[in-house]
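Undergrad: Fit chains B, C, D, E and F to the known structure of chain A by using the hints.
Protein chains in written order, with the working numbering: chain A, 1 to 67; chain B, 101 to 167; chain C, 201 to 267; chain D, 301 to 367; chain E, 401 to 467; chain F, 501 to 567.
Don't read these hints as lab results, they were simulated from the structure.
Treat the hints with care, since some could be wrong.
[As the list claims (entries may be wrong)] Below, computed lysine-lysine pairings styled on BS3-like, alpha-carbon distance capped at 30 angstroms:
id, chain 1, residue 1, chain 2, residue 2
1, C, K210, F, K510
2, C, K235, B, K164
3, C, K210, C, K223
4, A, K17, A, K35
5, A, K10, B, K135
6, A, K64, A, K17
7, C, K217, A, K35
There are 6 protein chains.
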Amino acid sequence: MPLVNIKIAKDNVSAEKKAELIKGATQLLVDVLGKNPQTTVVIIEEVDTDNWGIGGISVTERRKQGL
Amino acid sequence: MPLVNIKIAKDNVSAEKKAELIKGATQLLVDVLGKNPQTTVVIIEEVDTDNWGIGGISVTERRKQGL
Amino acid sequence: MPLVNIKIAKDNVSAEKKAELIKGATQLLVDVLGKNPQTTVVIIEEVDTDNWGIGGISVTERRKQGL
Amino acid sequence: MPLVNIKIAKDNVSAEKKAELIKGATQLLVDVLGKNPQTTVVIIEEVDTDNWGIGGISVTERRKQGL
Amino acid sequence: MPLVNIKIAKDNVSAEKKAELIKGATQLLVDVLGKNPQTTVVIIEEVDTDNWGIGGISVTERRKQGL
Amino acid sequence: MPLVNIKIAKDNVSAEKKAELIKGATQLLVDVLGKNPQTTVVIIEEVDTDNWGIGGISVTERRKQGL
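This is chain A alone, in the form it adopts within the complex:
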């Protein structure tokens, strides 16, 4: 029954890469905690780089500055 929520920057991540994240996160719960994969849910949320900040600076701005 685990739920995994993965937030990443919106960077045109392909459906194939997303499928790998879903598969890998599900397998992690199986391997570490013996969870049933059939009831493991993974959700990926893509966040605009204007909407994400670290160190008080947006990711958009950080990339411009090469941080």
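TA: Positioned in the frame of chain A, the structure of chains B, C, D, E and F alone reads:
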């Protein structure tokens, strides 16, 4: 003051259906816990089927396979 | 596959009341969107009243003031 | 290491305003709890007004009614 | 900068198992998307089995029924 | 109507400090976006240091290592 967050697959759900979800979830908190509807907040998040997986497989792929 | 997350104040809500919330939220998704109840997940989070604020004032304080 | 998640209605908020939110939320954690700003993360989520309800009524509808 | 949130049932999961989840989820983001592990954050939330439901029935009750 | 969710490590943060976070986060939304403080909600979640990781290492372990 309750907060209800509902995540559903992005399937062109109409504003009318969303309004029903908002109304129904609010009423549920009133009925079960006697909460004040005026301060009950409902948020609906629609998740792309590529970004949602169960059993290690994305919902996009599950639908293709008829799962 | 819907996920419902309900945040309420931590007020010694009984397991029976929680079961009613789980049942009711699941039924809402069935009724409004025709979702499969077997894959509908509901999570209830109970938040300490010191940790929840509205109008810039914690719920603990609001209750003291009769707000 | 704090994480701040800010959900606001989707109202064409500018990147400048978002940058102010990121800066201000980060500074708040520094000022109140002495947290390291370099590891403070802020995420802003913009929610469609059809998808957000209070008092059992969507924000879209509330605005129409002047609530 | 990815954030991974893992919700599991509260079952006396050991700190060692949690450390494995943290390590594995971080590595997944490195392997699939080439993310920097130093800025990858993982949070594990443990949910009481009374507070988690599937199919309209709490996990506490499901376990009693052997579901 | 904004919602602010602040996740911090569980470190015996006092009710007074939490009240400052609630007040400050609410004021931030007023100052930057002109939001109504009366409908601004702030929730603080305290996360056990075993349950929070950065760089693939739990905060418990990071503190032991002086990271």
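Undergrad: Failing hints, ascending?
TA: 5
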